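**Q** Please assemble the complex out of the two chains, which come individually in their own frames, going by the hints.
These protein sequence lines map, in sequence, to chains S and F. Counting with my numbering, you get residues 1 to 502 for the letters of the first sequence. Counting with my numbering, you get residues 1001 to 1147 for the letters of the second sequence.
Just so you know, these hints were derived from the structure itself, not from any lab. This structure is a prediction, so every number in the text was calculated from the model and none was measured. Heads up, the beta-carbon is just placed ideally off N, CA and C, and yes, glycines get one too. Misleading hints may appear alongside valid ones.
As the list claims (entries may be wrong) - Just some of the chain S residues that point at chain F, by a computed CB distance under 8 Å:
hint	residue
1	Tyr150
2	Val162
3	Thr177
If you want the building blocks of each chain, they are given just below.
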Amino acid sequence: MDLANLVPIPVLLPLLAAGITLTLARRPALQRIVSGTTLGLVAVLALILCLGADAQGPIVLWVGAWPEGLGIVLVADRLSSLLVLVSSIVTAIVVIFPSRRDIADSADGAPVSVFHPTFLVLTAGVSHAFLAGDLFNLFVGFEMLLFSSYVLIMLGATKERVRAGSTYVTVSLLSSTLFLLAIAIVYAATGTVSFAQLPERLAALDPGLQLVIQLLLLVVFGIKAAIFPLQSWLPDSYPTAPASVTAVFAGLLTKVGVFAIIRLQTLLFPHSPLTELLLAVAILTLVLGILGALAQGEIKRLLSFTLVSHIGYMLLGVALGTEAGLAGAIFYIVHHILVQTALFIVVGLIERVGGSTSLARLGGLASVPLLAALYLIPALNLGGIPPFSGFLGKVALMDAALEVPTPLAVAAVVAGVATSLLTLLAVVRVWQRAFWQDRGEDDDRVHSLRVLPRVWVFASTALVLITVSLTALAGPLTDYAQRASVDIRGGAYQLAVEEATP
Amino acid sequence: MTPTLILAVAGGALTAAGVYLLLERSLMRILAGLMLASNGVNLLFLVAAGPAGLAPIVGQDPEQIADPLPQAMVLTAIVITLAASALLLAMSYRSFQLEGHDEVADDVEDAIVRRRAEADLSSEAYVELTPEAQPDTESGGRAGDAR
Chain S
1 MDLANLVPIP VLLPLLAAGI TLTLARRPAL QRIVSGTTLG LVAVLALILC
51 LGADAQGPIV LWVGAWPEGL GIVLVADRLS SLLVLVSSIV TAIVVIFPSR
101 RDIADSADGA PVSVFHPTFL VLTAGVSHAF LAGDLFNLFV GFEMLLFSSY
151 VLIMLGATKE RVRAGSTYVT VSLLSSTLFL LAIAIVYAAT GTVSFAQLPE
201 RLAALDPGLQ LVIQLLLLVV FGIKAAIFPL QSWLPDSYPT APASVTAVFA
251 GLLTKVGVFA IIRLQTLLFP HSPLTELLLA VAILTLVLGI LGALAQGEIK
301 RLLSFTLVSH IGYMLLGVAL GTEAGLAGAI FYIVHHILVQ TALFIVVGLI
351 ERVGGSTSLA RLGGLASVPL LAALYLIPAL NLGGIPPFSG FLGKVALMDA
401 ALEVPTPLAV AAVVAGVATS LLTLLAVVRV WQRAFWQDRG EDDDRVHSLR
451 VLPRVWVFAS TALVLITVSL TALAGPLTDY AQRASVDIRG GAYQLAVEEA
501 TP
Chain F
1001 MTPTLILAVA GGALTAAGVY LLLERSLMRI LAGLMLASNG VNLLFLVAAG
1051 PAGLAPIVGQ DPEQIADPLP QAMVLTAIVI TLAASALLLA MSYRSFQLEG
1101 HDEVADDVED AIVRRRAEAD LSSEAYVELT PEAQPDTESG GRAGDAR
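Pulled out of the complex, with its shape left as it was, chain F reads as follows (with noise of 0.2 Å):
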């Protein structure tokens, strides 16, 4: 099978090209990013299927038609593409709703550890933390025998 040249480095370009704009932090550009590198693959499926032919109906000659199970595939893809986009549609539209832009913030509690880290600290789950009001109180003391 001598595979169509066009094709290939077309695929690959998409691909490529949507590559880079996953690497995005926005949500809108990582939907672009998306869509662009699913087609791509799509279009290797294509490659895949081999040279064009006649429309694979029962009763033609085997030879001739084109093979049917990669378009069967593409075609799974692409209603997966479909309803993909929609989703980081929706997703974009509701980060947009919460806090202004679509872009994707740090994770809270890795910002903490990188923190106390960075501070040369320990973990938070080894510091002995006493409650802030470590109080007076009447009953005497409990805070210190608990453990």
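Same shape as in the complex, but just chain S (with noise of 0.2 Å):
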């Protein structure tokens, strides 16, 4: 099994890099070179390992082969393994961008060498809680990667960042410690935390018992994946954030969360759905948060708004319990991440060349084409319009939930469809205003994506491509989807880990 070893590389080489980039803290070029090359590295392992999950099941390495299973395990399945693609995919393209300017530009003297290693260590961390094979491992995944955006979120220390950032740190805290909470538990309970054996002693335990910890997880995932009623930390504290910060906590921290959340329903409690009560929390997420979208006159709290709102999409696939459900919502998972990183990036497009973000101060940039078209084309995707991969991931979910047949599930699907319209009413309205509105005759700048690194334009316009080939990956991709849900629900996972034990 020499596929197994690569298991620990995505955790391991970036936090390598993290080292070295620390050390050139002086020479930023070479510090992106560094990044750079080790997150696409990451992307090319993770693709591998992508490949191999799928040919022959969880790939399954014991860390150190401690006898009778007392090290770390970490599990590659076919679930795990695409999402660690995905994101090294996203972070590859999105470390590129930072600049000096554009992290220090309201902070004097802001300490850009750290951006570098602290990104790094936070994709690691994404990458060892997608690969988790315990709830104890999952828990350090967490922390590693919410200590460093605890840091990148507040990078340069300004009054607003500092405010944004006090709002953030003390819910991920306390949400970690209900996870720690929820962890003593389980262990008390059970006598183990790997992800293999608690499904069989769980089972075991008293129906309340069960009930008490399934909710308390629920509740610590759900403050990460920022499902209602615990999303309103997200709207406070994403928008102030550096445009290339927020892009990838948009697009990869809440779907973390996400998949925790898959995890617990899939593997930990099979037998107990939840279904009514997630579903009416997913209709919920979906309408209030594209509510909360609509009222917004600056665009990064409006797309940060959006994402809650399809937050509820996933939650929907999930909380269906139903393998085609499962593979709508892991579909949904890839595309979101992509589509959300991307407008993020673009946003921050926006505001350099229009130099604001506030839907009353913008206007006229549609004398920049590329940069329009670099925004429409991903806003219509999130809205769902037919050809891209947002219409056929909504369309995949619709069509799990219209085989459910309760009147909540059909309710989810009108709620879907909903949202789904009022998303393509807010990002046109953003549209409309920032890209065709008059500026008024006193401001007589002339926009040009001249004032943007080439680079820049280069990599975003490479996003929104990727983005765009979802499309023609769909057919491929959701058979992908399909095979993993299957897997996830076969019990693939705990055969496959109890077979490695050393």
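**A** Structure (structure tokens):
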């Protein structure tokens, strides 16, 4: 099993590179090259893992090969290797963006040199959370990514960012404490935290205790994933960070929470789907999120609210508790990571070209056709316009929901369609105001992409092209997601872990 | 397994006090709350570890040694809390530097949205904002026909 030795690389390589970039603190150009190549390499390895997991089932590595399963286990099944792949593609592209001006534009002497090391630790944490084979390592992965996100969200420590960071840090610390509490309860009740052993032992517990554990973990992961009613920290904290940081946070961090919910619902509690509760929560997340977005006058906040809203789609797929629903949710996660990151990056470009992200102050950006195209394509994709992957993902989810003949599932379909339309309204409103609104006569600035480094334009175009190419890749990806969900529900995970135990 | 009552009660009390402090606005109180709550959870890990026993060294009688795994977890948790406390201290100090106090303020955009809602205005995104100095200018009313 040579492939097994590749499993820890997506965690180790970024950590190593983080050390290297820290020593290169005075040479930002070199830092960028080191982190770019590292993350590119991780993406290649993740692709190999992805294909390997697809061909031979979950790849398991017991780190250190301690006897009797005492050590840490890392598992790359279809779902986790796919998510590692997507996250490394996104991070490899986004790491190109930050420049001294971008990060420090509002704070003099901001420590730009810490950006790359912290960013790499963040990606290591995300990969670790995806690959972790037990509850405690999932916690450690969460903490790694959270601590780097604390630093990144307060980069430069301006007044605004410290205020936004305070909310974010406090809420995250609370959720971490709850997570630890849940782990203590799980360990006291079952004597293990391993994902492979837990399903059997949890099923033997008293039903009331089972429900307590499930709901406690659901709250913890719900805070990370920003589902209603645990979402209000997100729109307050994300928009103030630098554009590239917000892009990665929006794309990845909430999806780690959704991933954890999938693990919880399918692996740990396969017989207690809580369909009604989760469907109701999903509907509320969808509707309230998008209504919040419609009230915003600032693009980054508007997009943060659509982010919250669209978490509802993924939750809907998980809540149904069927293979089709799960496959739809997996496809939607991949689509949404890419599209949301692309949109936030483009908003970063809009901020640089137009000088603001407030709809009241922007206007006339349509004079820059490339920027307009870069915004419009992912925006329509998010809203679910037919040729794009957003449409395909939503159709798959609606289809799965209609197979479940309960009134609540039908209500979820209605909420999903309404949210899709309202998302379109929100993003088209931005399009109309920022790109076509007249700026007034006293403003004689000429908008041009020339103010941007050329590599930014290339990188964001590449990202947008990837989101478009999802349409072409939708067939294989849907099949893959289907196999992944069959995999998850079929118990392949536990079998593979037990087989690999040294 | 019979849990130790004193540990469980102490853990619960610490966590409750911690949660109370976490709800405050001042970052120093939040810091104190975090430390109390996480220590409370650490005590609960000791409850989960079961009865005390011999040092868990390979070769000892497995029946008599204490369970080492929760202790390893508590150790990790303590380290993480230490880092979080340092971060919160730095944040609190930075906030004090910038504003003279360490109370977390309301979100600015939130306040705008709320003010507009209270005044029964529609959202900023929907209002036709005419540029303040709607001018008369030489380019001949481009403001009108651009939309």
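**Q** None of the hints should be skipped; say for each whether it holds.
**A** Consistency of the hints with the structure:
no.: 1; hint: Tyr150; verdict: 6 Å, holds
no.: 2; hint: Val162; verdict: 5 Å, holds
no.: 3; hint: Thr177; verdict: 5 Å, holds
In summary, the structure agrees with every hint in the numbered list given earlier.
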